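S.K.: Guided by the hints, dock chain B onto chain A, whose structure is given.
Protein chains in written order, with our numbering: chain A, 16 to 511; chain B, 16 to 511.
No lab work stands behind these hints, which were simulated from the structure alone. Misleading hints may appear alongside valid ones.
So the derived label-pair ranges between C-beta atoms look like this [to be verified]:
1) A:Ala422 - B:Gly113: 21 to 29 Å
2) A:Glu32 - B:Ser73: 27 to 35 Å
3) B:Gln294 - A:Asn190: 34 to 42 Å
4) B:Pro239 - A:Gln369: 14 to 22 Å
Values in this document were obtained by computation on a predicted structure and should not be read as measured data. Glycine included, every Cβ here is placed at the ideal spot set by N, Cα and C.
There are 2 protein chains.
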Amino acid sequence: MNPESIKMPEAIHFAMEAAWSAYLQYRLLPRHRRVEFMYAIAHEIEALGDELIATAHSETHLPVARLIGERARTCFQLRSYADACLQGDWLDARIDTGDPLRSPPKPDLRKMNVPLGPVVVFGASNFPFAYSTAGGDTACAFAAGCPVVVKAHPAHPQTSDLVAAAILSAAKKCNLPEGIFGHVHGDGHETGALLVQHPRTKAVGFTGSFRGGKALYDLAQARPEPIPVFAEMGSVNPIYLLPGQLSERGEDFARQIAASITLGVGQFCTNPGVIVGLQGADLDRFAQVLRDEIIHTAPAMMLHQGIAAAFHSHVARALSQPEVIPLAESRTPFSSGESRPTIAQVTGAGFLSQPKLAEEVFGPYSILVQCGSSGEMEAVAEMLRGQLTSTFIATEDDLRSHEALVALVQEGCGRVVVNGVPTGVEVVLAQHHGGPFPASTDSRFGAVGADGIRRFCRPLAYQNYPAQLLPPELQNENPEAIPRTVNNVCTKEAIP
Amino acid sequence: MNPESIKMPEAIHFAMEAAWSAYLQYRLLPRHRRVEFMYAIAHEIEALGDELIATAHSETHLPVARLIGERARTCFQLRSYADACLQGDWLDARIDTGDPLRSPPKPDLRKMNVPLGPVVVFGASNFPFAYSTAGGDTACAFAAGCPVVVKAHPAHPQTSDLVAAAILSAAKKCNLPEGIFGHVHGDGHETGALLVQHPRTKAVGFTGSFRGGKALYDLAQARPEPIPVFAEMGSVNPIYLLPGQLSERGEDFARQIAASITLGVGQFCTNPGVIVGLQGADLDRFAQVLRDEIIHTAPAMMLHQGIAAAFHSHVARALSQPEVIPLAESRTPFSSGESRPTIAQVTGAGFLSQPKLAEEVFGPYSILVQCGSSGEMEAVAEMLRGQLTSTFIATEDDLRSHEALVALVQEGCGRVVVNGVPTGVEVVLAQHHGGPFPASTDSRFGAVGADGIRRFCRPLAYQNYPAQLLPPELQNENPEAIPRTVNNVCTKEAIP
Chain A
16 MNPESIKMPE
26 AIHFAMEAAW
36 SAYLQYRLLP
46 RHRRVEFMYA
56 IAHEIEALGD
66 ELIATAHSET
76 HLPVARLIGE
86 RARTCFQLRS
96 YADACLQGDW
106 LDARIDTGDP
116 LRSPPKPDLR
126 KMNVPLGPVV
136 VFGASNFPFA
146 YSTAGGDTAC
156 AFAAGCPVVV
166 KAHPAHPQTS
176 DLVAAAILSA
186 AKKCNLPEGI
196 FGHVHGDGHE
206 TGALLVQHPR
216 TKAVGFTGSF
226 RGGKALYDLA
236 QARPEPIPVF
246 AEMGSVNPIY
256 LLPGQLSERG
266 EDFARQIAAS
276 ITLGVGQFCT
286 NPGVIVGLQG
296 ADLDRFAQVL
306 RDEIIHTAPA
316 MMLHQGIAAA
326 FHSHVARALS
336 QPEVIPLAES
346 RTPFSSGESR
356 PTIAQVTGAG
366 FLSQPKLAEE
376 VFGPYSILVQ
386 CGSSGEMEAV
396 AEMLRGQLTS
406 TFIATEDDLR
416 SHEALVALVQ
426 EGCGRVVVNG
436 VPTGVEVVLA
446 QHHGGPFPAS
456 TDSRFGAVGA
466 DGIRRFCRPL
476 AYQNYPAQLL
486 PPELQNENPE
496 AIPRTVNNVC
506 TKEAIP
Chain B
16 MNPESIKMPE
26 AIHFAMEAAW
36 SAYLQYRLLP
46 RHRRVEFMYA
56 IAHEIEALGD
66 ELIATAHSET
76 HLPVARLIGE
86 RARTCFQLRS
96 YADACLQGDW
106 LDARIDTGDP
116 LRSPPKPDLR
126 KMNVPLGPVV
136 VFGASNFPFA
146 YSTAGGDTAC
156 AFAAGCPVVV
166 KAHPAHPQTS
176 DLVAAAILSA
186 AKKCNLPEGI
196 FGHVHGDGHE
206 TGALLVQHPR
216 TKAVGFTGSF
226 RGGKALYDLA
236 QARPEPIPVF
246 AEMGSVNPIY
256 LLPGQLSERG
266 EDFARQIAAS
276 ITLGVGQFCT
286 NPGVIVGLQG
296 ADLDRFAQVL
306 RDEIIHTAPA
316 MMLHQGIAAA
326 FHSHVARALS
336 QPEVIPLAES
346 RTPFSSGESR
356 PTIAQVTGAG
366 FLSQPKLAEE
376 VFGPYSILVQ
386 CGSSGEMEAV
396 AEMLRGQLTS
406 TFIATEDDLR
416 SHEALVALVQ
426 EGCGRVVVNG
436 VPTGVEVVLA
446 QHHGGPFPAS
456 TDSRFGAVGA
466 DGIRRFCRPL
476 AYQNYPAQLL
486 PPELQNENPE
496 AIPRTVNNVC
506 TKEAIP
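Bound-form chain A, shown alone (with noise of 0.2 Å):
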């Protein structure tokens, strides 16, 4: 891996060509295939042992413990996914038999999803490993059939390198063409953007910022053949504090808040950002728990001294708005490259009066909003579409007497948590991770769980297609035994 050699144009169609030969083959293979792939790629990236955790930590500084839970995790989900591959529910297979004696006669149809072609997968800065070179996205792209091209992230690079060697290793030894994956070093915009335009991309996965992502996307929209992008471009999480759980347990809650805010030093798209509640003595109790848990925080460093400055930065613009006061800050001294846990306070009219205030900060800082009526609450809710959480602190009685703050949350979210935090994000089916736009680009797909894979294939109808040339997954025999919809019936067994 040369980075110098491999940041030209020429090195981009390169790996996009050997992508694209490698796609037609990749799709063809059974599935059981993929799945031995990706199931060596987490082997050869458990072989790796300390050295990879070593360099990750020292391009992150992220804590060693977090790092090789992060790795288990990565290791995860590659199986995992892998698992779902293999029971094929993700095919969506239908089949509708025919009727030759109808007049006309009624064709036999048969569907499933096939693969996209090459994918384009750029990495986060906070997931080295299970939003990086062998992440979420690109785990979705292989077990979908498709090959992969990794921008690697520049705040990781060697990282990236060991991690992108572990998936080269596992492609040798699974006897898969080269092309299955690439891996492209580049710090500017200029790599992402030719690997975005290059025509043998199909697909693109992205995970970091509203900026970053929003550009790819609009690159891939200009195309001559636009591409569909799946960017997760994070959200400011916001909690609404309802009356009867925040005067029943408020403190409990304001110390896991405070935990959630300050995990990982904030540096997660699930940390909560926003803070909702009503005016009263109860959000009195609450904010002042908040603030003796935040002010005893020790800083911590960030990912980088890019990420540190901007959280720097944005912090003291928030503190500079007229409306907006200090609650608490971190007693601990801070030095260079640290953050320093943050929550500052406004106003319910101060918030919604500045939109830039509902803008997320990436670190250790939340903001809490102070309303003056259940009104005032909604306004904030409908000021705030496009999460990728929204989280009730709230009993059963408070959802019920919020019906309407309950309805535009809903609407302007993709999950909804109720007495827990956003942070955590569980690795499960039921899981989504993405929502409506700016969360992510394509609200009908999620980046964490199985259903991932659907954001990289697209159906194909077999018409009166002859039977033994047929899929397995499409025969009649059900070799595969994968669920399908057959006549409108959801079925494992084989059409008779």
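M.R.: Frame of chain A; chain B shown alone:
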């Protein structure tokens, strides 16, 4: 309905705001209310009786028998998509139950599809019922829980008014808010642009030309909040004649293909516009029969003067290419507004040198491409990526011995037909009507069959949500008996 007054931007704004306010109510109604509404629309359309058929006949020149059939298809779509709405497969319900004893506790996650919001639908001139005002896109949107605003097609405004009145009457009888359906007239591009750009519009369905569909797509992607557009923009639906079957049954298929080319005056988006075969005596015999059929096919009135004029000018342009020679032209004299069934022919090399020849000519026209080798056929298939359908006239041995061609063709289309014709799009779940760009703007979705509902919805996940407040579809008891994937197993059973 006053076409003059509702051309104005204010009327568009009014329709979209009414749709939004209806959406906030409609999305929360139980699915059986959607089903009642869709059945009521079908009933109201049928109740329009002969007036609807006579009006459509006078506006479109389509034969009465065809219009009666299309009306039946439209009502079948409404009822069968309503049944699918109730059956609930499209909800993609997933439940992963929690485990409070795990460390950290595993949350309870439940996910299902929810509507996107108001959908703007642009109908097609060639399907005044089935792909217009109450056509497939409208039915899918209503099933998904979305209000619809239709831009009436200027080629059949009175037909559209009648159907719109039927929908509004059904809405009234079902006690739905009037904003559930809006109907806007307007000749120019401005009306369509304003509808697509309106901030309350959350998705677009379109059936028509590449130019029209792509223009709306670009507008939608350039919005501050980009929205999904499913534009089905037609294609040339190539037919590949493979040598074994051409030799065995070439004449038989020549007759079927001639009938497909001229069916409905060639005005179907699945009309076969390119026929590809290997030079030789068998292809000559095929061409002779095709020629005999076409010269004896009578011209017929096209949908409107503009379409007829475009047909004649596109055919004349194709025939004026030095590489192209006419194979057959209908011998019956034709009058203004009528088609003239025409077949051109060209060598493989000639076709490959003239990309314009691969563009759709809307009407009863096709070009026979005589290739010199299998390699040349593959080059043609490579050039013809992005089709709704591709067809093989082939024995099983033919398909086996043309593996590379078969793979290329499948990679580039949404439906592959064997020993049939592409026209006649069966409305079943296993149907796929869509394809890689430029056949459609999002190859991951289709416009025919109940899977089309998925275009207009998105997942929403509920984490640790109070059991009694969950939507019934996600409650343990599964009171609506929908299929759900519970802890990775698809079942209709309740959770104990």
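S.K.: Taking the hints in turn, state whether each one holds.
M.R.: Right, here's what the structure says about each hint:
no. : hint                            : verdict
1   : A:Ala422 - B:Gly113: 21 to 29 Å : holds, 24 Å
2   : A:Glu32 - B:Ser73: 27 to 35 Å   : violated, 55 Å
3   : B:Gln294 - A:Asn190: 34 to 42 Å : holds, 39 Å
4   : B:Pro239 - A:Gln369: 14 to 22 Å : holds, 19 Å
Hint check: a violation occurs at hint 2 only; the rest are consistent with the structure.
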